[in-house]
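A.B. asks: Letter by letter, the chains look like this.
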Amino acid sequence: MALNLVAKVHPVVFFTIVDSYERRLQDAHRVIGTLLGTIGVEKGAVEITNCFCVPHNESKEEVAVELDFAKDMYELHRKVNPNEAIVGWWATGHEITDHSLLIHDYYSRVTSSPIHLTVDTTLHGGRMNIKGYVSASMGVPGRTPGTMFAPIPVEVISYSPEIVGSNVTQKSKYNRQRLVEPTTDLHLISEATQNMESTLDVLINYVDDVLNGKVIADNYIGRELTRMVNQVPKMSATDFEEMLNTNMKDLLMVIYLSQLTKVNVSLNEKLTMLVATQ
Amino acid sequence: MGRCTINVVQLEGLALMKIIKHCHEEGAGNTEVAQGVLLGLVVDDRLEITNCFPFPRHADDVDEEDYQLEMMRHLRKVNVDHLSVGWYQSTQLGNFITTQLLDSQFSYQTSIEESVVLIYDPIKTARGFLSIKAYRLTPEAINTVQERDYTPETLKKMHLGYETLFQEIRLVIKNSHLVNTLLCELYEMMPSSEGKQFLDLGTMSTLDRQLRCLMEYVDDLSQEANKFNNYQRQNAKQLQDKHKFMQKRAAENAQRQSRGEPPLPDEDINKQFKPIPPLPRLEAMITSGQISNYCKQISQFCSQSLGKLYVAKALQHENK
Numbered sequence: 001m002a003l004n005l006v007a008k009v010h011p012v013v014f015f016t017i018v019d020s021y022e023r024r025l026q027d028a029h030r031v032i033g034t035l036l037g038t039i040g041v042e043k044g045a046v047e048i049t050n051c052f053c054v055p056h057n058e059s060k061e062e063v064a065v066e067l068d069f070a071k072d073m074y075e076l077h078r079k080v081n082p083n084e085a086i087v088g089w090w091a092t093g094h095e096i097t098d099h100s101l102l103i104h105d106y107y108s109r110v111t112s113s114p115i116h117l118t119v120d121t122t123l124h125g126g127r128m129n130i131k132g133y134v135s136a137s138m139g140v141p142g143r144t145p146g147t148m149f150a151p152i153p154v155e156v157i158s159y160s161p162e163i164v165g166s167n168v169t170q171k172s173k174y175n176r177q178r179l180v181e182p183t184t185d186l187h188l189i190s191e192a193t194q195n196m197e198s199t200l201d202v203l204i205n206y207v208d209d210v211l212n213g214k215v216i217a218d219n220y221i222g223r224e225l226t227r228m229v230n231q232v233p234k235m236s237a238t239d240f241e242e243m244l245n246t247n248m249k250d251l252l253m254v255i256y257l258s259q260l261t262k263v264n265v266s267l268n269e270k271l272t273m274l275v276a277t278q
Numbered sequence: 001m002g003r004c005t006i007n008v009v010q011l012e013g014l015a016l017m018k019i020i021k022h023c024h025e026e027g028a029g030n031t032e033v034a035q036g037v038l039l040g041l042v043v044d045d046r047l048e049i050t051n052c053f054p055f056p057r058h059a060d061d062v063d064e065e066d067y068q069l070e071m072m073r074h075l076r077k078v079n080v081d082h083l084s085v086g087w088y089q090s091t092q093l094g095n096f097i098t099t100q101l102l103d104s105q106f107s108y109q110t111s112i113e114e115s116v117v118l119i120y121d122p123i124k125t126a127r128g129f130l131s132i133k134a135y136r137l138t139p140e141a142i143n144t145v146q147e148r149d150y151t152p153e154t155l156k157k158m159h160l161g162y163e164t165l166f167q168e169i170r171l172v173i174k175n176s177h178l179v180n181t182l183l184c185e186l187y188e189m190m191p192s193s194e195g196k197q198f199l200d201l202g203t204m205s206t207l208d209r210q211l212r213c214l215m216e217y218v219d220d221l222s223q224e225a226n227k228f229n230n231y232q233r234q235n236a237k238q239l240q241d242k243h244k245f246m247q248k249r250a251a252e253n254a255q256r257q258s259r260g261e262p263p264l265p266d267e268d269i270n271k272q273f274k275p276i277p278p279l280p281r282l283e284a285m286i287t288s289g290q291i292s293n294y295c296k297q298i299s300q301f302c303s304q305s306l307g308k309l310y311v312a313k314a315l316q317h318e319n320k
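So the sequence lines, in the order shown, correspond to chains E and H. Using UniProt numbering, the letters of the first sequence map in sequence onto residues 1 to 278. Using UniProt numbering, the letters of the second sequence map in sequence onto residues 1 to 320.
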């Protein structure tokens with residue numbers, strides 16, 4: 001039970017957890033489920049790539065989890081991705097209850113040192129806190145040992161397409177109906193350019209302030225700025241013009257060719273239709 | 001068959017992320033597509049996709065029907081919408097218009113009226129542009145596939161061309177309020193320096209690949225055009241032969257009449273000259289559709305590359 005574990009979670013896991021919470025039964029206060037993932041090659045990191053919800057009943061005295069359901073779902077998921085294994089379980093809510101201990105016990109039978117992830121969907125304290133825990137036994141040697149949930153850091157990692165997907169989804173925060181419409185490629189580039197422009201404005205303001213003496217110069221920031229400016233490749237003007245023009249000519253030619261092909265194809269169809277039905 | 005119109009497909013962030021994850025894990029290197037089922041519901045003219053699950057890749061030891069039923073049964077227990085509203089498929093640089101797609105979407109749309117197929121391009125998304133589109137078969141296409149008759153006459157009657165095979169439906173991504181809160185949290189946790197790869201200037205390799213695929217398809221289409229030309233020529237020749245035979249017959253009959261003998265029996269012309277069946281136009285239509293799709297993609301790609309070049313130019317000027 002290494003205590004220097006780091007939980008690296010993919011965004012899709014959080015989405016599933018929040019969605020399961022939204023679909024919970026009327027009288028359930030929290031939902032639980034299984035975490036699937038891989039125990040990384042590098043020591044001390046567990047990558048959590050998937051999860052699913054498991055129905056359970058909780059009351060003051062007892063807790064009942066549908067273990068058959070959990071097993072079945074795990075088998076189904078394995079058929080799609082045989083690399084994923086059970087690495088722990090998750091629960092919504094902002095604290096660990098006694099029942100958590102029992103559930104954790106079950107999961108420690110299925111895998112060694114399961115990770116427990118809590119996502120605070122009740123927004124206790126105004127934020128959705130995401131925490132991870134491992135169980136560690138504690139107590140005086142010789143007496144009955146107790147278990148403690150030791151917190152571990154939770155990081156978010158994703159594949160590059162996932163980052164792109166989540167960046168697009170992020171925009172739904174800024175819309176009343178929470179809608180995002182995928183835009184054309186060119187639009188994306190123009191947005192990024194505008195972002196760059198505003199960041200550059202902030203930097204220029206900072207530099208002006210430093211030069212005017214309003215802000216004390218910070219050597220570290222100065223060095224970073226020089227590094228950034230030097231990263232723009234320095235080419236002679238003619239070389240750059242040449243490279244720009246050849247690239248542009250290539251692209252324009254390709255656009256022209258593809259338009260030509262489109263027209264050709266549609267002509268082909270109209271002519272065939274005309275000739276064939278004579 | 002009742003006409004239902006779907007004007008908007010609403011995709012939940014959760015379903016989108018699941019599709020991305022599945023296609024990414026499936027895709028690495030092999031050319032087969034990753035497929036899965038979409039779950040959701042229909043509200044007025046909106047198709048809401050709330051969840052999805054992937055199909056297992058190696059279907060030898062897994063029965064697809066069973067897997068689907070099992071999965072939907074289990075998901076129903078946790079209150080996930082269990083109404084299947086379509087399916088999704090990954091593609092590589094847009095080469096998804098095939099006969100299999102046509103057939104699969106046809107079977108889906110006949111069993112579930114409102115189903116759509118989501119086409120997701122993992123390669124384009126990895127380069128930084130989220131590429132996911134929703135398609136449905138047009139009613140004309142459905143009628144034609146039902147008849148399995150792709151001769152030019154039927155196509156003209158049904159007004160079906162390669163552009164009216166599929167119709168693209170507007171797609172929006174929607175999140176609930178709680179997910180928005182989650183997104184705020186995630187925004188702070190995610191590394192902010194990544195996700196800028198779409199600003200990369202070195203895009204010639206993708207263009208190269210796309211053009212190669214386009215060339216292959218254009219070759220296919222020209223082969224189809226050749227076949228059609230051959231058919232035309234054969235038809236014309238047959239017509240000529242028929243005419244000659246008829247003329248000979250008529251001349252002989254006239255001769256016999258003049259000699260007072262009974263005319264030769266009028267044989268069935270068609271048995272001698274078997275009519276050549278008209279060519280089915282399905283392959284040609286599919287290839288044309290594929291080509292036009294590629295062209296669209298290429299133009300989009302070129303326009304954004306041009307934009308990037310101008311940005312680079314502006315930076316150079318400032319540096320001087």
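In short, the hints are calculated from the structure, not lab data. Model, not experiment: these values are computed from the prediction. There may be inaccurate statements among the hints.
[Stated by the list, open to error] Here's a subset of chain E near chain H, in silico, CB distances under 10 Å, partners left out:
#1 Ala45
#2 Thr49
#3 Glu58
#4 His77
#5 Ile189
#6 Leu251
[Claimed, not checked] Simulated pairs of lysine-lysine, BS3-like, Cα-Cα distance not exceeding 25 Å:
#7 H:Lys227 - H:Lys156
#8 E:Lys60 - H:Lys77
#9 E:Lys71 - H:Lys77
#10 H:Lys248 - H:Lys274
#11 H:Lys308 - E:Lys234
#12 E:Lys270 - H:Lys157
#13 H:Lys227 - E:Lys270
#14 H:Lys156 - E:Lys270
#15 E:Lys262 - H:Lys133
#16 E:Lys249 - H:Lys174
#17 H:Lys157 - E:Lys262
#18 H:Lys274 - E:Lys249
#19 E:Lys79 - H:Lys156
#20 H:Lys237 - E:Lys262
#21 E:Lys171 - H:Lys133
#22 H:Lys133 - E:Lys234
#23 H:Lys237 - E:Lys171
#24 E:Lys173 - H:Lys157
#25 H:Lys227 - E:Lys262
#26 H:Lys274 - E:Lys173
#27 H:Lys313 - E:Lys171
#28 H:Lys296 - E:Lys249
#29 H:Lys237 - E:Lys270
#30 H:Lys296 - E:Lys270
#31 H:Lys296 - E:Lys262
Built from N, CA and C at the ideal position, the CB exists for glycine as well.
A.B. asks: Each hint needs a verdict: does it hold in this structure or not?
C.D. replies: Hints, one by one, checked against the model:
no.	hint	verdict
1	Ala45	15 Å, violated
2	Thr49	7 Å, holds
3	Glu58	15 Å, violated
4	His77	9 Å, holds
5	Ile189	5 Å, holds
6	Leu251	4 Å, holds
7	H:Lys227 - H:Lys156	19 Å, holds
8	E:Lys60 - H:Lys77	23 Å, holds
9	E:Lys71 - H:Lys77	14 Å, holds
10	H:Lys248 - H:Lys274	19 Å, holds
11	H:Lys308 - E:Lys234	18 Å, holds
12	E:Lys270 - H:Lys157	14 Å, holds
13	H:Lys227 - E:Lys270	16 Å, holds
14	H:Lys156 - E:Lys270	10 Å, holds
15	E:Lys262 - H:Lys133	21 Å, holds
16	E:Lys249 - H:Lys174	40 Å, violated
17	H:Lys157 - E:Lys262	24 Å, holds
18	H:Lys274 - E:Lys249	55 Å, violated
19	E:Lys79 - H:Lys156	46 Å, violated
20	H:Lys237 - E:Lys262	32 Å, violated
21	E:Lys171 - H:Lys133	18 Å, holds
22	H:Lys133 - E:Lys234	41 Å, violated
23	H:Lys237 - E:Lys171	64 Å, violated
24	E:Lys173 - H:Lys157	48 Å, violated
25	H:Lys227 - E:Lys262	21 Å, holds
26	H:Lys274 - E:Lys173	68 Å, violated
27	H:Lys313 - E:Lys171	29 Å, violated
28	H:Lys296 - E:Lys249	19 Å, holds
29	H:Lys237 - E:Lys270	24 Å, holds
30	H:Lys296 - E:Lys270	20 Å, holds
31	H:Lys296 - E:Lys262	9 Å, holds
Checked against the numbered hints above, the structure violates hints 1, 3, 16, 18, 19, 20, 22, 23, 24, 26 and 27; every other hint is satisfied.
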